[in-house]
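These protein sequence lines map, in sequence, to chains A and B.
Residues 62 to 306 (our numbering) are what the first sequence spells out, left to right.
Residues 401 to 687 (our numbering) are what the second sequence spells out, left to right.
Keep in mind that the hints were calculated from the coordinates and are not lab data.
Certain hints may be false.
What the hints assert, rightly or not - Reference excerpt, derived from the structure (chain B facing chain A, CB under 10 Å, subset only):
| no. | residue |
| --- | --- |
| 1 | VAL469 |
| 2 | VAL472 |
| 3 | PRO568 |
| 4 | ARG587 |
What the hints assert, rightly or not - Listing some non-contacts, in silico: residues in chain B with all C-beta distances to chain A over 10 Å:
| no. | residue |
| --- | --- |
| 5 | PRO480 |
| 6 | ILE506 |
| 7 | TRP528 |
| 8 | GLY578 |
| 9 | ALA657 |
Every residue gets a Cβ at the ideal spot worked out from N, C-alpha and C, and that includes glycine.
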Amino acid sequence: MAAAGLRARVTGRIGGLALAFDLEVSAGPLAVVGPNGAGKTSLLLMLLGVLRPESGSIELGEHVLFDPARGVDLPVEGRELGYVPQDYALFPHLSVRQNIEFALQCRAGLAPDEVEQRTGQALAELKLTALGERRVTALSGGEKQRVALARALSVRPRALLLDEPLAAFDIAARRQTRAFLADYLGKLELPTIVVTHDAADARALGARIAVLEAGRIVQAGSWAELEARPASAFVAEFVAEFVQA
Amino acid sequence: MTSTGEQRLARRQQLQRALLGAVGGLLLLFLALPVLGLVAGTSWADFRAGLAHPLVWPALRLSLLTTLVSLVVTVALGTPLSWTLAHTRGRWARAAETLVQLPIVIPPAVAGIAMLLAFGRRGLLAGWLYPEGWSVTFTTSAVVLAQIFVSAPFFVQAAVSAFRRIEPNLLIVARTFGASPWRVFLRVGLPLAAPGLAAGAILSWARALGEFGATLMFAGNLEGRTQTLPLAIYTALEADLRAAQALSIVLMAVAVALLLGVRAALGTAPSRAVSSSRAVSVPAGGP
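Modelling step: build the complete structure from the supplied sequences, incorporating the hints.
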């Protein structure tokens, strides 16, 4: 079953930065890369509904999330997007299991036994069952990330957004986690956007890569395409950075 | 650098640190002396005799009763207000925040007059607030109102900053699950801000307990009805210094206990979700 694609064409202004991007992602993750301050996180916040674009539209298949021309601007609560921020945003006062239960309880119309059953499923899916009763503050970085993923996916979102999922890892853990994420996200069949500033991460995680510079997407394509025909000096440097590493 | 040079540098640094400490110590001494004077100037026999004074127990009872009521009202209304102020941007929200802080800076006597003019027999609201011939002034309710007026800002200030210290991503993520504003407030906001809220509640309680000026103006000094501990101290001072001393020691002991409570509450703040800044100011008491 192929998931409905996420399509966003928006313009907006965040602080001093004018943002204008046009992107499309269906199954197979899109890596959004770019230098610091290019607007990567702002892009995610616009998709989520935290920041409001000035114009354009955001659609998920038939589902319109934002289109001022049609009078649609769904709030964060109504967009059904999964979000895993850089710091994972696990609720520090809840255990691993309670973090996931909380997410499911927020979804209207789920009976308590269904919450329990889907929590168990989500824990098992990401090999977290043994950690269920742990406090999230006592977890390693990799474990925290798996909890955040399990929690985001437990409510069956229509798309998944990850902000710098590997930024918090040291080199050794990073390689391992990157391999896990590449494998896991690749199999999800969910429109997935992964924001990263790292070439190796983008290459491993993104089926396609969109390069954001000063609020604009200057190039989008496969790694091979970026490598063969870089559209800007930054793209050329970015691709070369990986070859050197 | 030679080793004698290093030694000289070390000595100079030590001297400068000692000088800074000594200058700061002057203030510490000044703050400690009155406390010392109160405790040292009251013998155990004086203290017991003072506690037996007829003013003491009604005032203590009234103080505890009224401050508990004002604390409950402050927390019940102040928590939603603080949550809203912490997450609303714009000119009106900032204006409201400034308004809430106003009672901290206006003198309590002025607050008393202002309350008379708002809630008194001939006040702004008198026309539709009261049946003919009745007024809240000089009743126990007036004591509670005066306490809320002067103490609620301390709670709101602490609560707003506690809510603002919550990592914004936690609230955004909760919303992506479809959490209602009510659920975000109850399940994420309240538990994470709890230490800051507790500290604010204690500070606010301490301020209410010490309330004097506005109470005197708005509620009067009627034994058993509006005479709280600070007013009883003021009254006792005219006749029996020992009773005033004993009451002062009781009030100070309560204040010290509350201060330790604030420190304990803030000491348990979860370090990950809230930053370590402890933006809580201490109440200004007195008439």
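How the hints compare with the structure:
{"no.": "1", "hint": "VAL469", "result": "violated (30 Å)"}
{"no.": "2", "hint": "VAL472", "result": "violated (24 Å)"}
{"no.": "3", "hint": "PRO568", "result": "holds (9 Å)"}
{"no.": "4", "hint": "ARG587", "result": "holds (6 Å)"}
{"no.": "5", "hint": "PRO480", "result": "holds (19 Å)"}
{"no.": "6", "hint": "ILE506", "result": "holds (37 Å)"}
{"no.": "7", "hint": "TRP528", "result": "holds (39 Å)"}
{"no.": "8", "hint": "GLY578", "result": "violated (5 Å)"}
{"no.": "9", "hint": "ALA657", "result": "holds (27 Å)"}
The structure shown violates the earlier hints numbered 1, 2, 8.
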